[in-house]
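Visitor: Line by line, the protein sequences give chains C and H. Offset between the first sequence (1-based) and our numbering: plus 1. Offset between the second sequence (1-based) and our numbering: plus 39.
Hints were generated in silico from the structure; no laboratory data involved. Model, not experiment: these values are computed from the prediction. Ideal placement from N, C-alpha and C gives every residue a C-beta, glycine not left out. Certain hints may be false.
Computed Cβ-Cβ distance ranges for the label pairs, DEER-style [said to hold, decoys possible]:
hint, chain 1, residue 1, chain 2, residue 2, range
1, H, A200, C, I77, 14 to 24 Å
2, H, G63, C, R142, 31 to 41 Å
3, C, I61, H, L162, 49 to 59 Å
4, C, T50, H, L219, 35 to 45 Å
5, C, A58, H, L162, 40 to 50 Å
6, H, E114, C, Q135, 50 to 60 Å
7, C, T94, H, R235, 22 to 32 Å
8, H, R235, C, R33, 17 to 27 Å
9, H, L99, C, W98, 30 to 40 Å
10, H, S226, C, P99, 23 to 33 Å
Okay, here's what each chain looks like letter by letter:
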Amino acid sequence: MKPHPASAAAQGLLNCHSCGLLSKNVPNASDRCPRCGTHLHMRKPNSLTRTWALLIAAFILYIPANLLPVMHTASIIYEEDDTIMSGVIYLWTSGSWPLAILVFCASVTVPLAKLIALTILAITAQRKSTWRQQERTKLYRMVEFVGRWSMLDIFVVALMVGLVHFQSLATISAGPGALAFASVVVITMFAAMSFDPRLIWDPEPKDDD
Amino acid sequence: MIDEHLIACHECDLLLRPPQLEPGGVARCPRCNATLFAAPQNSQERTLAFTLGATILFLLANFFPIMGLQIGGTEITCTLTGAALELYNDGMHTLGILVMITTVIVPATQLLIMLYMLLPLSLGIMPPRVPDLLRMLQLLRPWSMVEVFMLGILVSLTKLAAMATVIPGIALWSFALLMLLMTAAFSVFDARQIWRQLPVEGR
Ligand SMILES: [Zn+2]
Ligand SMILES: [Zn+2]
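Isolated chain C (complex conformation):
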């Protein structure tokens, strides 16, 4: 890692990620920030390795999350298994299309876009690319911002299960897809957290940029 000349790292300075205090870079494992006591690191330790491991886990879980039912409804008249997608379709056909679009974005588009975006970030950082650094930083910021919204469907399942306990009339229970889906959300949130955006800016820009 060769830090960019304008970076604090290139001047031998270290930014505390908790309180923002600059310290002189003494690369010992036991170094703590003189103001807040946080462990200081030049960059998040093993940032890329951790991001990759979490990303791969999330990609694998993404498949059962979409294929397995997230909710099971049983009443005297009917029995039904809902996947993430069939939940969206239900909202659409019942006329609440604004909610259908919202749930579709939060549960289908956002998780997939997040996985792809994090993969792009990890690959380019690994190759020490200086390509579109500003846009990549923006992408990272978006990934961090939208992460929580994928929990929407989990909350819907939780509320439906919790609210509907009519005993003999109807029962709703959570399906195995809900657990897979929640894991994807939590794991991608950790993946985004383990990525260090400063890695985007560390490589020196080439002259032809």
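Dock chain H with the ligands against the given chain C, drawing on the hints supplied.
Guide: Using the frame of chain C, we list chain H with the ligands on its own:
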């Protein structure tokens, strides 16, 4: 000796001299455009007011029913914690715990930390362990999902309306207001101002 006035961007590590801000202004990184810091007006007073309001709403949201369902002649009501517990008892332990953490435990911890810091600070007293608590606040932030949960309630209501008559409860309105107040509290909260009041050892 380190220049006391320099800071580094937390997103791209650019070394820079922080700009002087007018009250209400926002400082951005010239290289990556990250928000470096903001200087909200009367930050401490406003954060405290929003936090106190949010705490009251939080209690209402958790102890009153979120909605009632009427099916035939029977009516049942349910609280937020009741919904999470039901999930837990239904065998989905992990999901129940996850819902509890993101909608009850984390927001409650955030509010308690804010009150613990801001009440003494408003009297000019620096309470102990503030660095740990500020750090924890930063760590907790992505795991507080009050606004996502609010939307989840809306979607559930729509789905349930097809099965039964839904009667909105006190907690529903409290939750909507809680979402607004917590967002307001965090947007006017200025952690930098508190960090600067803390001593730096051995520099
Ligand atoms: Zn620090
Ligand atoms: Zn920057």
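Visitor: It remains to establish, for every hint, whether it holds in the given structure.
Guide: Evaluated hints:
1. Here the CB-CB span from A200 of chain H to I77 of chain C is close to 20 Å, well matched to the stated 14 to 24 Å.
2. The hinted range of 31 to 41 Å is not satisfied by G63 of chain H and R142 of chain C, whose Cβ atoms lie roughly 22 Å apart.
3. In this structure the hint that I61 of chain C and L162 of chain H lie 49 to 59 Å apart at CB holds, the actual value being about 53 Å.
4. For T50 of chain C and L219 of chain H, the hinted distance range of 35 to 45 Å is satisfied, since their beta carbons lie about 40 Å from each other.
5. For the hinted restraint 40 to 50 Å between A58 of chain C and L162 of chain H, the CB-CB distance of approximately 48 Å keeps it satisfied.
6. Separated by about 56 Å at the C-beta atoms, E114 of chain H and Q135 of chain C satisfy the suggested range of 50 to 60 Å.
7. T94 of chain C and R235 of chain H have their C-beta atoms about 56 Å apart, which leaves the hinted 22 to 32 Å range violated.
8. For the hinted restraint 17 to 27 Å between R235 of chain H and R33 of chain C, the CB-CB distance of approximately 19 Å keeps it satisfied.
9. Range check, L99 of chain H to W98 of chain C: about 32 Å between beta-carbon atoms, so the 30 to 40 Å window is met.
10. Taking 23 to 33 Å as the suggested C-beta distance range, the pair S226 of chain H and P99 of chain C conforms, at roughly 26 Å.
When the structure is compared with the earlier hints, violations turn up for hints 2, 7 and for no others.
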